[in-house]
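There are 2 protein chains.
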Amino acid sequence: MTENLLNELKNRLYEAADLGHAASVLNWDMSTYMPPKGAPQRGRAMATLNKLQHEKFTDPAVGNLLDQLETALGGRPAEDDAASLVRVTRREYDRAVKVPASLVGEISEVTSALYDAWTRARPANDFASLMPMLEKELDLFRQMANCFPGYQHISDPLINFSDYGMSAESIRSLFAELRAGLVPIVKAIAAAGGVDDSPLHQLYPEQEQESFGVEIIKDYGYDFERGRQDRTHHPFMTRFSGNDIRITTRFNENYLGDGLFSTLHEAGHALYEQGITPSFDGTPLGGGTSTGVHESQSRLWENIVGRSHGFWSRYYSQLQAIFPEQLNPVSLDEFYRAVNTSKPSLIRVDADEVTYNLHVMIRFDLELKLLEGSLAVKDLPEAWQSRYASDLGLTAPDDRDGVLQDVHWYAGIFGYFQGYALGNLMSAQFYDAALRANPSIPDEIAQGEFAGLRTWLTENIYQHGSKFTADELLHRVTGEGLGIKAWIKYIQGKYGGIYKL
Amino acid sequence: MTENLLNELKNRLYEAADLGHAASVLNWDMSTYMPPKGAPQRGRAMATLNKLQHEKFTDPAVGNLLDQLETALGGRPAEDDAASLVRVTRREYDRAVKVPASLVGEISEVTSALYDAWTRARPANDFASLMPMLEKELDLFRQMANCFPGYQHISDPLINFSDYGMSAESIRSLFAELRAGLVPIVKAIAAAGGVDDSPLHQLYPEQEQESFGVEIIKDYGYDFERGRQDRTHHPFMTRFSGNDIRITTRFNENYLGDGLFSTLHEAGHALYEQGITPSFDGTPLGGGTSTGVHESQSRLWENIVGRSHGFWSRYYSQLQAIFPEQLNPVSLDEFYRAVNTSKPSLIRVDADEVTYNLHVMIRFDLELKLLEGSLAVKDLPEAWQSRYASDLGLTAPDDRDGVLQDVHWYAGIFGYFQGYALGNLMSAQFYDAALRANPSIPDEIAQGEFAGLRTWLTENIYQHGSKFTADELLHRVTGEGLGIKAWIKYIQGKYGGIYKL
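Line order of the protein sequences matches chains A and B. Residue numbering for the first sequence follows the working numbering, beginning at 1 and increasing consecutively. Residue numbering for the second sequence follows the working numbering, beginning at 502 and increasing consecutively.
Hint data in this document are derived by calculation from the structure and do not stem from the laboratory. Warning: the hint list may mix true and false statements.
Derived Cβ-Cβ restraints for the label pairs, each shown as a range [claimed, not checked]:
no.	chain 1	residue 1	chain 2	residue 2	range
1	A	SER129	B	THR503	34 to 40 Å
2	A	ARG250	B	MET502	48 to 54 Å
3	B	PRO898	A	SER313	50 to 56 Å
Calculated cross-link-like contacts (lysine-lysine; reagent style DSSO-like; alpha-carbon spacing at most 27 Å) [as the list claims (entries may be wrong)]:
no.	chain 1	residue 1	chain 2	residue 2
4	A	LYS37	B	LYS511
5	A	LYS136	B	LYS511
6	A	LYS37	B	LYS995
Where is the CB? At the ideal position from N, CA and C, for every residue including glycine.
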């Protein structure tokens, strides 16, 4: 009986997931291969799929099945797969039923058009052309937030979608603490004088960059039988199903860091998704549990692993063999310092580990103001510039490297940016726990052996999908909640060494 | 009032079309880029989309709107856009409501699995592994046919989906006539002795083949802003929307004919779709009217244009410049004869224009027998071989070049093969009509100017989409119905010259 109910629930969830699968493929195709004029009908098709997925997921029959299963599974422990499925589905269901399908469809349609316009507006440095659509989109996201009355800040419901349990207030207070710990380090690094990253700024042909990146992520354990890598303006990871988890990257022939670390970053996201228990596929358990935890994995594989001295002691000679002219004159230590240069910069995705969080805080604060209406869209470029001047001491030459640089607001991604900073903090907390369990991980990395780390992450984090919230996962895995200590210690140790602070 | 009803109808049709758009993207991705292990969930997602599309299209509200619109538009001429929309939608609606959505979903799911298995079974020469799934699929298509009781032959409903108005009986009688006209020509060519096609069988690097093909189809008028070309096992054209009509091709580095003529063939299909009135998009009018008419366009651009002497008098020096070593020793006339070699062969898609229809007839006859049950799946490979022996005097070394060569039966495409032969016949009928209207077309082709032909085809055929049936279109455009005369005359003229018959 309970089995029948569970199967009925799963079949309904699968149908919704199939529509999500399709919407994700359409979105991936829009970013990779779609011909230029295909956008309008594509946008409409994606809106239809998103609306239907929402309708399927919020069907009262789903609520009914959840009611019955909550009774039937009452005695099971919280970790039980079926109990977890019902608990997590209930949480998402109760949230989803508050949002009308028509709003979901409208957001999807406006977002596709805005994204398409952004791909043209960014190279043209034309923020003004996006303003009406961005205003419309903000209005729709305010409507979305207002489906959840009782919030403290209008961003809270959106933040909660990405990082369950967090709020504007809790993040503001965490960020204040983080900034207090971070600013002295940034200042000390600035005082210590520059590290030379010119080795990265040479001509690196794209094809060779790509081959090298692919080799590394294969070593990481990214399974190309269940994924692939393509090129997009803005790199991303996307899950169609447990057997089709794709990543994208981009290359800059004049800067090695862009493509290489984008590849490692997205592969980190993909390792998480590829490690989820296969039987969770097609249900709310079958995906990463929060933006923060997701970013902890992309940042861990990109930075803690991919910018470590051990990693490059293994791979640098291989990279030199591919680019002998560019790199034979550069020693391992010089290269290691180059990929760990820290200095204020304009572009978030190219930012170093130390200053990265400052970029995130700027976006987070501006987004809160946009949503609450205290900052008008037309004043956004100036507000952006003013924050970059005060926080990073820099002025972007134009909006391309300013407010137009990130896809998020133009792709309907709100309530999301904090996740990058939370991810940084968690990555250090998780990595510390991994080292406590298996102290030989750094030595293994220096041998190009990643199975030890990946297996630990899979057992402790990946396999669980969304079974545990970020907070539950942190407590289970590290014994404590989210905090800045581990990350500050990691940064102090690493950059203290590089900059001899 | 009528406008409101029309808009309501269109919005319902668009929703169904959006699901079709998504299903087509998923199918295209499955054939182009999907990682190997992605098939099972992809199959399920496609089945869900096909089922939902069917549900949306067969919603009683659609029938209701059609009822009202038939009354409201009663007085309009048959050519009126709105009247045509209602008439053609009614025809498809009445057909679709007879088929349960569950059967549509089941066919989609079995078909995806069978297609996936075929992509592995063909290189492994393992027909046996496909037998259970093929039997299952035949059974489902028999169920489909049985949704339309009263047919003369069980294939008739399936044929009618592809080539409205045709039947097993009418095609058999047409094929008998065609065979009678064709066999003497095949015999005369065989008696005349071979033409040397060895120039095509040299090493032609893929990249250069591709560039050359792309240049030609751009000249044809294929709009890459509304389409793109990728590579697949089996080339095809697919329409996602009026602004996204893609083609695929494949290359054989040791045989120039494969990639080049596949490209021209699929571009012909795409020119048809790209030429349809934009306002028909997302409705049953927005697509080619029948398999036969569609194939008439692919075959016209592939053969009547792409294998003509005039065409090569314009493009051959360009091809020589790309492949000087391979082609400088070969004269234009030698090359023209090489691409028009006629001799019995094993592979349909590589067959010459003369013998091509014999391949089609074999498949048509075998498929009828499979569906009626007079030929068992396990006996199919032998029946295939026996027909190739009797009709073409050839024996395939194994099933790879025999019963496994074509994707159709493994991709759920039944009632379709006759369309290739009907298309050949129609291509000559349409081309004759074009020449009567514009006798300078051959001279224009010899200058690489295709606008004259394309414009005539667009005005007379493409723009109408599915507004007219194949038979109506033939009568409008050529003044007569489907027949073999024009094609036999074309073949006699062309091959009479080449083989000096």
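Hints not upheld, ascending by number: Hint 6 contradicted; others consistent.
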